[in-house]
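2 protein chains.
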Amino acid sequence: MEHQFTVEGMTCGHCEKAVTQALRGVDPQAEVRIDRQAQQVQVRSSAAREALAAAIREEGYRVA
Amino acid sequence: MEHQFTVEGMTCGHCEKAVTQALRGVDPQAEVRIDRQAQQVQVRSSAAREALAAAIREEGYRVA
Ligand SMILES: [Cu+2]
Ligand SMILES: [Cu+2]
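Heads up: the protein sequence lines correspond to chains A and B, in order. Letter by letter, the first sequence follows residues 1 to 64 in UniProt numbering. Letter by letter, the second sequence follows residues 1 to 64 in UniProt numbering.
Worth flagging that the hints you see were computed from the coordinates, not collected in a lab. Watch out, some of these pointers could steer you wrong.
For chains that are exact copies, the list does not tell them apart, and a pair is met inside one copy or across any two.
What the hints assert, rightly or not - Keeping only pairs whose Cα atoms sit at most 25 Å apart, straight-line, the calculated DMTMM-like set for lysine to aspartate or glutamate is:
(1) K17 <-> E59
(2) K17 <-> E50
(3) K17 <-> E2
(4) K17 <-> D35
Here the structure is a predicted model, which is why all the values come from computation and not from measurement.
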């Protein structure tokens with residue numbers, strides 16, 4: 001399933017990597033695309049939306 | 001010796017860690033203090049100033 005999140009606080013490539021790895025922690029197969037300027041994170045994953053959002057939040061970013 | 005660098009491009013804690021680790025790559029004993037808002041990196045190290053600056057640059061940050 002395709003999930004789209006608005007994520008605030010990603011300021012650099014390290015942040016993109018941190019968010020990607022957090023999502024892969026929930027689902028190692030997750031496909032992640034990030035548009036940092038637009039604050040958009042797109043995730044193709046079979047995991048529950050709330051589990052993905054929680055992983056982003058636990059990494060220290062705000063999911064709008 | 002105490003070295004002070006003005007470093008541009010550090011936007012988050014990951015950047016601070018990356019710069020710190022780059023400096024420790026040159027001198028594992030280096031003591032590093034970073035004031036990100038002020039763009040200041042202070043390094044206590046016996047390594048040559050240019051080696052420290054080069055490590056910061058190679059990590060992708062601008063040393064002014
Ligand atoms: Cu960052
Ligand atoms: Cu950063």
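Structure-based check of all given hints:
{"no.": "1", "hint": "K17 <-> E59", "verdict": "both (11 Å within a copy, 15 Å between copies)"}
{"no.": "2", "hint": "K17 <-> E50", "verdict": "within (20 Å within a copy, 29 Å between copies)"}
{"no.": "3", "hint": "K17 <-> E2", "verdict": "within (19 Å within a copy, 33 Å between copies)"}
{"no.": "4", "hint": "K17 <-> D35", "verdict": "both (12 Å within a copy, 23 Å between copies)"}
Every hint from the earlier list agrees with this structure, and none is contradicted.
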